[in-house]
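Asks: Protein chains in written order, with the numbering used here: chain G, 1 to 417; chain P, 1001 to 1335; chain X, 2001 to 2541.
It is worth saying that the hints were derived from the structure and are not from the lab. Treat the numbers as computed from the prediction; the structure is a model and nothing was measured. Idealized CB from N, CA, C, for every residue including glycine. Hints may be right or wrong, so weigh each one.
[Unchecked claim] One side of the interface only, derived from the structure: several residues of chain P facing chain X at Cβ under 7 Å:
hint	residue
1	N1019
2	L1021
3	Q1030
4	C1049
[Stated by the list, open to error] Pairwise CB distance ranges (calculated):
hint	chain 1	residue 1	chain 2	residue 2	range
5	G	I114	X	S2021	52 to 58 Å
6	P	G1230	G	P211	42 to 48 Å
7	X	E2537	P	G1206	49 to 55 Å
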Amino acid sequence: MLKQVEGSVAIAESVALCRPEVICAYPITPQTHIVEALSRMVKDGRLHPCEYINVESEFAALSVAIGASACGARAYTATASQGILFMAEAVYNASGLGLPMVMTVGNRAIGAPINIWNDHTDSMALRDAGWIQLYAETNQEAADLHIQAFRLSEAISLPVMVCVDGFILTHAYERVDVPTQEQVDAYLPRYEPRQVLDPAEPVTIGAMVGPEAFMEVRYLAHHRQMEAIGLIPELAAEFHAVFGRDSGGLLHAYRTEDADTVVCALGSVNGTIKDVVDELRDDGVRIGSISLCSFRPFPMAALASAIGTAKRVVTIEKSLSIGIGGNLSHNLRMALQGRGGEVHTVIAGLGGRSITRESLRRVFREAIENRLEPLSFLDLDRGVVERQLERERQVRRSGPAAEAILRDIGAVAARPV
Amino acid sequence: MSGPAQVKFYQTGTFTIGNRLLDVSVRSVQADENRSNSLTSGHRACQGCGEALGARYALDTAMRATGNRIVVANATGCLEVFSTPYPESSWQMPWLHSLFGNAPAVATGMAAAMKVKGRTDVRVIAQGGDGGTVDIGFGCLSGMFERNDDVLYICYDNEAYMNTGVQRSSATPPAARTATTPAVGGEPGNVMHQGKNVPLIAMAHGIPYVATATVADLRDLEYKVDRAMGIHGARYLHVHVPCPLGWGSAPHDTVKVARLAVECGLFPVFEAVDGEVVGRRTIRRRVATDEYLKLQSRFRHLFSPKRDEERLAAIQAIADRNIARFGLLGEGVPA
Amino acid sequence: MNKPFAITLDVGSSLANKTGSWRTERPVYVDRLPPCNHACPAGENIQQWLYHAEEGNYEAAWREIMRNNPLPAVMGRACYHPCEGACNRAQLDRPVGIHAIERFLGDEAIRCGWKMPVEAPSSGKNVLVVGAGPSGLSCGYHLTLMGHQATIYEAGPMAGGMMRFGIPKYRLPRDILDAEIRRIEEMGVAIRLDTKVADLAETMRTHPFDAVFLAVGAHLAKRAYLPAGDASRILDAIGLLHNLETGEKPLLGRRVLVYGGGNTAMDAARTAKRLGAEETIVVYRRTRERMPAHDFEVQEAMEEGIMFKWLSTIKAESGGTFTVEKMRLDDKGKPQPTGAFETMEADSLILALGQDVDLSFLTRVEGLEIEDGVVKVGPDMMTGCRGVFAGGDMVPAERTITVAVGHGKKAARNIDAYLRGATYAPPPKHELAAFDKLNPWYYADASPTVQPILDRARRESTFEEVVSGLDESNALFEARRCLSCGNCFECDNCYGVCPDNAVIKLGRGNRFEFNYDYCKGCGLCVQECPCGAIRMEPEQI
Ligand SMILES: Cc1cc2nc3c(=O)[nH]c(=O)nc-3n(C[C@H](O)[C@H](O)[C@H](O)COP(=O)(O)OP(=O)(O)OC[C@H]3O[C@@H](n4cnc5c(N)ncnc54)[C@H](O)[C@@H]3O)c2cc1C
Ligand SMILES: Cc1ncc(C[n+]2csc(CCOP(=O)(O)OP(=O)(O)O)c2C)c(N)n1
Ligand code: SF4
Ligand code: SF4
Ligand SMILES: [Mg+2]
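Using the sequences plus the hints, can you model the full thing?
Replies: Shown next, in the form of structure tokens:
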């Protein structure tokens, strides 16, 4: 059914259609609307049977999900930013134990300085934690990915993170086709756990494993994600068959067929990128873009074939791997191994800085004209940076940088000297 | 009513584990040839480990009380490490180890799963050491209490982080030597503090059942586990379990040391329902705290090279306060 | 379930890890010798029969007593119970009332008519026993159980020896004594009454017995030299008690003195009181602390109104006036005359100064040696004459029925070996279960069941039994006060306290076994065994 709804609500509704049995969450912007909506559905009985647990921290939230999943319940949680770091230990644990569950990450920057706006630093911080990571481009996809995520998670017994850009998607009102219960039921079978805590067939889960077997355990986790590379497109195809639309899969390639330049990005920014691609195509530029849906597992072959013979790849990345640059480009280079071609990393939109068509058009042009640095920062205010660096050079105790910068740009009143 | 039913039986009364002369119905779970041995042989706990003993006592009782329908969440610590090194497990029931600090929350998830699946016959137990409970897991524990989740949490208190090599926890008693409160300097050993009394904090949550127990009194322990399993909601059992390695006591003295802790008043054994103390195990043969401390090398610096009268008196004062506060002197026990 | 590799394990799989290899010491179950058993002159396995009694299995308990002692009902009353003096429970509260339980069991046996079957095939050997006191009866009983024919020659008209002619019936009712003697007779022990052996050598010559056991006791009353005006006022305790038993009621008068400080003096004094004396005074040359009589007998006598005159010796009598010299104790505790005299009026004086053995019938027995008025025997109870054994009051030992019964048993075993041409080797004694081997924490605090004491008035005037027995529930209670020193009583402590589940419970009555595959040798079981039935032993590596 087509609805004009907030992204969070669309996500909540499709999560609910997946019949989660245990939902546990701790509030953090911009995830709040999702869990609020779910709590209402549990409370008013629309979502039944389901236990909604108001936990005391994200660490507890994910731990509750671990316990629930180990007992064979379909478990769901959602978080963002500081929250995912607060649960970091449990993030690794859930995947290490091979426990299926789905977690929405309403992508948001990580402090300090504390910042509630969108970027991908949070989910990127946990990219190697053994979870599947899917990034949604639109609210429709965000809603749909959750349905696929449960299916995938339970099929391969690994937890799945669905990454949804904070505010840009979570708080945006758009038309979303919310599927029917029958459709979801047809697509998503009952959860049949691979291992379960059951007095009828007791097992010990979570053994201490030493050097004699740890490598193998880790390898097997990797192996399972590699298998997921095959499974993800299958599930997307099946999804298409049931729901009648394309959602998910490893990646979405846009006008890449004959492209010299391919832009690659995660999440909602792909919408803007596609607009710019269209504009440049209109100008006759051979450019295309790839919206990478599955970041973990990282679909190297699919990516390589989508990039095709392009001369260059530009990544638009909403997270900065401080000290080197981009995470996506770093990974992407693996896909291009042995085939040449430049990769430009463009760090963009950190802490919610808007990524405009103009700016994108400018960097794409620079790339095409071979004027783009390997690593660049979209719309970075050099003046602000220089002034602060100068201050620091002069005064050891130059005060908090963030405040000084805010003063510089006039966001707060200058302190009387 | 409070406390286990006293068996009027004059050879050993209620004090021994069982007795061939007792009717099977009044024998302890541990006396049963067919007890579950929830923590079975082959585990790698040290000789005379009180934690291994306490865990089997508690879980065997829970197994009996539920017809073997329990699932267990275990915090990281000695208990977890010595019981489940790959490829061998000593547990007999469904058991999960997740992390050091999240056992209460994992258990909440288990209980929620059981509830939603209509398997309320399966009961959930979480357990951990004092570190996993009163320190790193404390937030999760308090959350679990506050929500009144249907979980029995059992803390095996050996008064330090044993698994990592005997470092101080907030359950480490005053003056005790640990690897991070060494017996050097002007005030050797742990600070002279009141510690964090988690049973009392648990009571402050108003949860239906809180109790302390000890490996020195099996019947009391079994009674409490049994009682706890008969109640729904959050329950807390704090079991005192000597650690020969960490305490520097002889492995064969584990039960004796635990007994002296009770008899001197340093470890009050009581139970509380809905936040109110309803029963205490009174002292039977009172001893001075010195008698307890002397058996443990972690307190040696209080006795040699010379007696640290001031701190010994302070420790005795803690015991005296417990005795007064919990009314630990029964009839006929000299004050 | 297709379990994830390494992370998820099968339950109970640690059984593959045999932690027994950690051990440097191993616990072993032992049976230590309980102090009561150790102290029992009759060699009863008290702890073992209490074990049965604790279960309410009184017949098994009684049969366990009967392995060593054929007179439980008598012994439960008249034995001075040194077992209780040794009982470890005394260090907790009060000793277990062993004698009272024994008496209860003996009485139960009489009430229920329990018998001892003789299962051994007849050996065809004949043994002569001289004297039907406790020692002779015991020897005859044991010989019979071993398949030999025992024939007792008894000088007196009734069997029982000093049990009948010494111990007054208010302490040992005769129906009880009769019943236990009858049971022995019914097993096949032949008792020839009124058959005094006047010359043993002659008897042995005319009656070819394969062996002889002598148990004639000590019946000759010692007399003090006492210048007396009226000798009829002076009698001896043994004679008095004997006459009473045969129906003579001596006239003692209103005021009676008893001279002596042993148990016989107490019996004589209490008997005098029962015969109508208004005042009975025991005159003794030392103090109460130094009196050989057992404290409880003195206590009971005092309760009955018997008076005592300490530090006094009787020097002379004339017309009902007795001259008494005051004594004092020297530094060695010996009484010394002071030269200070006083007089006491009395209608009669009973001498209770001890007994000698009548050895006249032994004069012609070759090899038999006599020393200090008693017959010398070896550790096998054999006299210097081969095939002639002796025991009881006539050999050097404490003079009690329990010692006598023990001698009878021991002699029987040696006679049995002698008859087979072998020597008897007693089983090695176990290490003593001293109090420091116990963990007293586990024993419940319980006061002893005090045998209800008949009210004084009744006891003073009659010969009814003074101390009445335990009833069933009391006896059970009392038996369960036993700590089971040194011997497993299946309290399950070891089974419970082992952190490694290395104790296997074998089921009721079968105790436990160690599973050395897993025992790490921590020693907790040893420490927490209430009764000291486990010991650590170094591991042989
Ligand atoms: C008054 C009194 C009270 C006592 N109270 C107690 C008591 O409470 N508890 C206790 O443990 N002990 C008591 N004793 C001691 C105890 O009675 C004796 O130690 C015990 O009876 C000795 O047993 P026996 O078999 O050696 O001799 P006896 O019991 O003396 O038996 C010897 C038997 O041999 C017979 N006899 C003697 N000569 C011959 C012969 N030539 N031919 C055939 N038969 C012969 C006698 O007639 C007698 O029947 C008491 C003693 C007395 C005197
Ligand atoms: C988050 C985290 N911090 C620290 C540790 C290291 N660690 C493992 S067990 C342990 C001590 C356990 O102490 P306690 O809970 O008292 O149990 P014990 O070993 O004493 O039985 C510590 C500090 C860990 N595993 N995880
Ligand atoms: S260190 Fe202490 S708690 Fe840990 S296994 Fe050894 S005795 Fe038990
Ligand atoms: S307690 Fe029992 S076994 Fe121990 S000495 Fe006393 S009666 Fe004998
Ligand atoms: Mg600890």
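Asks: Please go over all the hints and tell whether each is borne out by the structure.
Replies: Going down the list of hints, with the structure as the test:
no. : hint                          : in the structure
1   : N1019                         : holds, 5 Å
2   : L1021                         : holds, 6 Å
3   : Q1030                         : holds, 4 Å
4   : C1049                         : holds, 5 Å
5   : I114/G / S2021/X: 52 to 58 Å  : holds, 57 Å
6   : G1230/P / P211/G: 42 to 48 Å  : holds, 45 Å
7   : E2537/X / G1206/P: 49 to 55 Å : holds, 54 Å
The structure meets every hint from the earlier list without exception.
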